[in-house]
Amino acid sequence: MAVEVTDNEAVFVARRVDARDKATLLRWYGDPAIQATLEDEHRSLAQLRQKVEDLVSCDPYEDCRCVILCQRDSRPIGMAYFMWINWISRTAEVDLMLSPELSHGPLTGYLMMVKTADMAFREFNLHKMYGFIYGDNRRSLRLFQRFMHVEAVLKAYAKRGSRYEDVHVLGALASDYDAFCKKYRQ
Amino acid sequence: MIPAAISTRDAPRMLSFAEAAGKDLRSLFRQYLQPSEEPFFLDIAGPEPRMTYKDFAEYCREDAATWVILRDDQLAGFFLLFDIQPGLELANLDLGSFSSLPAPNSVEAGEWDEALRLASRKAGVSRLQLLALPSQEKKIALCESLGFRPEGALREHFFHRGRYHDMVVLARLEPQRHGG
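Top line first, the protein sequences correspond to chains A and B. Numbering-wise, our numbering puts 38 at position 38 of the first sequence, and it's gapless, one number per residue. Numbering-wise, our numbering puts 60 at position 60 of the second sequence, and it's gapless, one number per residue.
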């Protein structure tokens, strides 16, 4: 399972993660900025190792979860984590992570999002993908809003020190992606 | 010490709320098996394939705090707190009644409110969130009278009886979460 996209200069590939990617994922998840953004609670190194083992071995049909690694010219640039894949409603929650080891322009996030949507709607044949974004994560909100609609704002959802932060629920339907592709082709 | 159950003896018919025991789960499971226009459980992750009794009991006991509502000692409804997240002090709520839901702002709705507060305290949560189909107008009206506020609608999110349904998101926050 791999989806390949090219621009004029580089080749972008999305594929399932495997054992070769453990060290990369551990570095990414161990990054303090990533932990603060993605995790509700602090995780120790042992917990992170366990998480990475779990991510590498999870299966979209057995566990209803799947991790996709995106590479640019064979270099990992980010990952998409499909969770709670529901094969009845054909929905899935998705988390995106851009490599904290690289500096990214807006194009990288954009391509990651396109490839994630492509995987969701063209490979998994999902009806909808959705994501939860903390209100203070402005960059991710901007990125997700290019492809997804804000469908709900969960008030005071996450604890941030002594205060609470809202969480935005964003969703994209397969029909939204079809419309996006049509517009892009035009 | 928080009591495990409360009852209201002043009501015209005796209503009580209790954490579900084994026999309650079997009664609940029989209700779960009844064909219905509305799904028994609503979860953002989507519908589950039909559960066996073993899976049902495990879900109600281990993945959720399940409460039954008894009227004259007969099972009248249920509510459950599931996906309880202690770190975030929040939980999802689902509820159902096997006759009709209490009218908003009624005495019985007040009793539901008291029971929900008790269950929330026991679970250590200060945010309860609930999903409803837009067609579940009575459920939404009851919850709004219990202090739940709409937070949005998830488009075409739940597949039930051959078609997609939107899901309305509602939540009730304890005072300490306001102004966050």
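Just so you know, these hints were derived from the structure itself, not from any lab. For clarity, every value in this text was computed on a predicted model and none was experimentally measured. Misleading hints may appear alongside valid ones.
Unchecked claim - For lysine-lysine, the following DSS-like pairs were computed, each having C-alpha atoms within a straight-line distance of at most 30 Å:
| id | chain 1 | residue 1 | chain 2 | residue 2 |
| --- | --- | --- | --- | --- |
| 1 | B | K23 | B | K122 |
| 2 | B | K138 | B | K122 |
| 3 | A | K155 | B | K122 |
| 4 | B | K54 | B | K122 |
| 5 | A | K182 | A | K51 |
| 6 | A | K155 | B | K23 |
| 7 | B | K23 | B | K138 |
| 8 | B | K23 | B | K54 |
| 9 | A | K159 | B | K122 |
| 10 | A | K51 | A | K155 |
| 11 | A | K155 | A | K182 |
| 12 | A | K51 | B | K23 |
How the hints compare with the structure:
1. For the proposed pair B/K23 and B/K122, the alpha carbon gap of about 22 Å is at most 30 Å, so the pair holds.
2. Between the alpha carbons of B/K138 and B/K122 the distance comes to roughly 27 Å, so the proposed pair stays at or under 30 Å and holds.
3. Only pairs whose Cα atoms come within 30 Å are accepted, and A/K155 paired with B/K122 is accepted, the gap being roughly 22 Å.
4. With a CA separation close to 25 Å, the supplied pair B/K54 and B/K122 stays within the 30 Å bound.
5. As the CA atoms of A/K182 and A/K51 are separated by approximately 38 Å, the hinted pair breaks the 30 Å bound.
6. The suggested pairing of A/K155 with B/K23 is violated, with an alpha-carbon distance near 37 Å, which exceeds 30 Å.
7. Taking the CA atoms of B/K23 and B/K138, the gap is near 28 Å; set against the 30 Å cutoff, the hint holds.
8. Of the supplied pair hints, the one linking B/K23 and B/K54 holds, its CA atoms being roughly 13 Å apart against a limit of 30 Å.
9. At most 30 Å may separate the alpha-carbon atoms for a hinted pair to count; A/K159 and B/K122 meet this at roughly 20 Å.
10. For the given pair, A/K51 sits about 28 Å from A/K155 by alpha-carbon distance, which is consistent with the 30 Å threshold.
11. Taken as a hint, the A/K155 and A/K182 pair is broken in the structure, with Cα atoms around 35 Å apart against an allowance of 30 Å.
12. Between A/K51 and B/K23 the alpha-carbon distance is near 38 Å, which puts this suggested pair outside the 30 Å criterion.
The structure shown violates the earlier hints numbered 5, 6, 11, 12.
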